[in-house]
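*Asks:* Residue numbers (our numbering), protein chains in the order written: chain P, 1 to 159; chain U, 1 to 760; chain Y, 1 to 291.
Some clues are possibly wrong.
Claimed, not checked - Quick look at which bits of chain Y chain U covers, simulated, 3 or more residues with Cβ under 8 Å:
#1 43-55
#2 180-191
What the hints assert, rightly or not - Within a straight-line C-alpha distance of at most 30 Å, the following computed DSSO-like cross-link-like pairs (lysine-lysine) qualify:
#3 Y/K246 / U/K758
#4 U/K745 / Y/K250
#5 U/K692 / Y/K83
These are calculated hints, taken from the structure and not from any lab test.
Yeah, the Cβ is synthetic: ideal placement off N, Cα and C, and Gly gets one too.
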Amino acid sequence: MKKELRLTVNGQPYELSIKPNTLLVEVLRTHLGLTGTKKACQSSSCGVCTILLNGMAVKSCSILALQAEGAEIMTVEGLAKGEKLHPLQKAFLDYGAFQCGFCTPGMLASAKAFLDENPKPTEEQIREAIDGNICRCTGYNSIIRAMAAVANGEYKEAK
Amino acid sequence: MSDKYAVISKSHSKIDGPAKVTGSAKYAFDMVFPNMLYGKILRSPHPHAKILKVDTSRAEKMIGVKAIVTGKDTLGRKNGVWRRFPELCDEEILCREKVRYIGDPVAAVAAVDEDTAEAALDLIDVEYEPLLAVFDPLEAMKEGAPQLHEHAERNINSTRRIEWGDVSEAFEKCDYIREEQFHTSSQAHLCMETHGAVADFGHDGKLTVWTSTQANYYIQVLLAGMLGLREGDVRVIKPPSGGGFGSKFELDSAQFCSSLLSQKLRRPVKIILTREEEFIATKRKTPMYYYVKMGAKKDGTLLAKEVRVVTEGGAYTGMGATALYLTGFYSCLPYKWAHYRYDGYRVYTNTAPTSALRGFGAPQAYFAGESMIDMLAADMKMDPLEIRRKNAVTPNYEVPGQAYIQSCGLSECYAAIEKHIKERGKLPRNRGMGIGNYAFMSGGIFNWFNTPYAFSAAMVKINIDGKVDLFTGACDTGQGSDTTLAMICAEELGVHLEDIRVHAEDTDLGPADLGSWGSRETLMNGNAVKMAAADAKRQLLEFAYAKMKPNVVYDLDIKDHKIYMVDRPERSISYFEIVQDAIRGKEGQTIIGRGHYTPHRKGMVSPAWGFGVQAVEVEVDPETGKVKLIEIVTAHDCGQVINPVAVIGQVEGATMLAAGGAFCEDQPMDNGKILNPSIGDYKVLRSVDMPKTVGIEVDTYEPEGPFGAKEAGEGLTSPTAGAMANAVYNAVGVRIKDLPITPEKVLMALKEKEKGKKRK
Amino acid sequence: MINEFEYFAPKTLKEALLLLDQYREDYKIIAGGQSLLIMMRQGLIQPQHLIDIHGISELDYITPDGKKGLRIGALTTHRTIEKSPVIKKSFGVLAEMENRLASIQTRNWGSVGGNLCHGDPAGDLAPVLIALNATLTTAGINGERNMLVEDFFLDYFETALEHGELLTEIQVPAIPPNTGTAYTKFNVIESDMATVGVAVSMTLASKDGKCKDARIVLGNAAPKPIRAKRAEELLRGKKMTDRLLKEAGKIASTEGDPISDIHASAEYRQELIKALVKQVGTEAFARAKKP
């Protein structure tokens, strides 16, 4: 028996009717067509499916969609404003903080959640912030450099 | 150096970046087509068995199931990458009579959704007759061991000898001799995007496949072969791909089964492997038994090396035979051995097939070799850096009868590492630094795939507005070849990176290319692209010469959209203007430049070599054996750096993968069953585990490469395991010769050492 | 593939207990689901009725209880514990342990109650709570039960939670003066589950005095978290020395019954217990001495 689900994704409210055994990642990718968020394991270990739920980084493959009732979700598609990239996206581009790009949407979500809460972090804290996201290509250090650059104000927008 | 070039040698953010950081890049994993079905594969639970009967009738009746294929639905052909040697083309992919490893495909289902396809697998009844199985290559080589393939006596799949001089005679002359045994472990590629394909076989008899791959040309040819199609009727498109590392340049079960199902149904069929399938049923790193004997003279000259290798081949050949060859060659590098002999045996076992993993036999060779050099140096009371420096290959050295090395920056690398070691000074207790060095190929010369085409080719098309389309066959799986090649094109043509649009993913549009493996794209494809850009440039310059009429002794060139006189750069005209002239002059045709590259007369291995020296610093807890990575410093020579930020990415990424293989990644098995087919149980470095990494680029110029560039992607995985083993030894005095270097092994070795001391 | 089930999302504890009573025969409770969903996705657990208590906000709290200590609602997330100023100040070892538990993503959604009810002997939370002498409350339609956290675990993934019951609260008693508590787990990858884990709480008779009480808890050394009571006995009433702690480690390593698996052999786990009890005991002692 399907259940109603109301949630906001990237600023857009949605009303869906879904089976209770649906995972949040499926709602995002299949029902809403937001394929930016990926899946890469079936054991809740890789972090590739990370999104922001009420500002917190969570693994969308490990949450029943119905638990997101009333939540505000942000996926990678919600970072840029039209053609204007988010500072983190610009930093990732400049610092080569991605290669194959498959982990990148989840990585950006973790990075954003962390920096929103910790605007002046140490390098160690930045490193811990993405510990739940596996990257097989970059070796992580470039991602940390990109995040540090944003935290240091390198991408501050002129008012 | 940076002013010499307008585009290369400066960092450029990758051209596929905006799509990736906004989530708009569509991977094969994301693709959805109208009328598409989803497929799943049924795999053998037995390591070795006859297939007596496959009954799909129950599954066929399930609502939502549209088709099921088994080995009987294939042409019965055997797939193999080593097409020059038919006996090494031994993999049916969808098995007909026999299964040879746990995970070997037996049937595939196409259904309306993944869950239905998955449920249908349970309704396929397969009757097996289990056969005796063998898992270790040393056991498999013995008389009377179960035979996997009829043609391979004692399961010996492939052998290789490489030899010069006379090692037996030479050992007589040595003052120091050391003989040791090593074992290297399995490793999974762990691409974040698992293997997958969407196949669409049209009613016109043509097949299109979208797939995550390192070599769309290989997949095109191999699929055509297996399905009995003409190559031209198979089109393989590589969307942005989530990693390869050596696992995605052979025809895989997702590609083959989805194509077969689509051929039957004439509808698109998508198969994406689960992470568990990825661990158990895709090619993995080749585990090797290494027997090494080394001899040196008391003045420190390395004289003779004898190597015998037995590799665990797994159930099929794939590219595994290449790993056997390369490991034997890397074992002689990077030193000038006057006498060398390598005997390699690849042996079939009832385990998941083994093949290439970034480094392709080099990490294994250098683990054994670099560990041994330290051991020999200790016997000789010689400094480990000195013994290496004294014997290292130098520019313009010929590996006797095998390969010619032109540029070689090893001595600069040693100098850089020596400086680093001095700066670190004396390390505290339980800390140690170990070094390892390497030489690595920039693409292979061997053509066992038997391609009739140039190894790399490219086409450059200049349009009326000056924008350039670059057609290549290079497959970018994240390493950045699209950007690197666009940069080379822009540099040669004198335009900006933004003017280039790369078309590299489609076999219909691009030239054949051997693919992204063996670190070949920068050099081989780079040369092809440079040649194509030069060809287009020459055509433009014809019109420029006519317009500018410089004295015949003066040359024109293009830089930053200006066509200028090289000796009088203030005299220039606009590139855009000449483009228009040229197109009009050629009766309205776009300007097309063509290029290609195949190494000729460069020996049997590779046309150019990358080098490096790495220092790994560790801290060992002697109470638990835990090895903590403190810092990894790599001085490396990749010739002219094309895109600095990409090279840094290669250094750091390779380090993470190599360090993982050295101390925590492994695939323990029980009777052929991989016991840790999930992330979590399979240990991989995360950000907190990653040490500080420093990359030092050493300046050289490689004449064979485009603008002097050569490889920087795979070689960097080679030295880490050996350097780490040396570091652990220097920290706490125990040597681990069996990868991975786990805390348990270290602690047990420390306890043995204690016992040994007490006995004395 | 997750099976199809009937889904309920009670908003109050009372509603939840009624549902548990109604579906006594076949239900599963989901809180954050960070452990449960992995098993459901693999088809290992296939409940007909899923009772989602995630929305019961009345069970999400950290309340200092005067001199008695702290009360923590079962639905409090790991992340809330990790960042709670109250906990950082007075029960720092809990915040430290949470900082190393799984990943930030898991901690943001997973609950402490769910973690305990999962009953994984390799879990980090249980050894620390046991070292802190914590208790917990379970509630059913007919009333509540209280017990030591130590007594909550029965076997691998098996707890004392009965059908129709919900874990509602964890009580952490105020820490006695001159007490230091520390926890370390051994792993190769920093965020991995414990190969073995050791929590030690040491109370000194006075700041530089002898050990008045010691609690040594071993994680992943047995089917459930256990106390190394003989090792504790060795320390009680004595002055701490390196040698004594080393000896305690040796004894503790014989008290568990660790398994051999792909991550470590039983022998190696015993060596780890030896080493960790000494290392963690040393840290607990140092903390106990601090003003």
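*Asks:* Now tell me if each hint is right for this structure.
*Replies:* Do the hints match the structure? See the list:
no. : hint            : in the structure
1   : 43-55           : violated (count 0)
2   : 180-191         : holds (count 5)
3   : Y/K246 / U/K758 : holds (20 Å)
4   : U/K745 / Y/K250 : holds (20 Å)
5   : U/K692 / Y/K83  : holds (28 Å)
Consistency note: the structure conflicts with earlier hint 1 alone.
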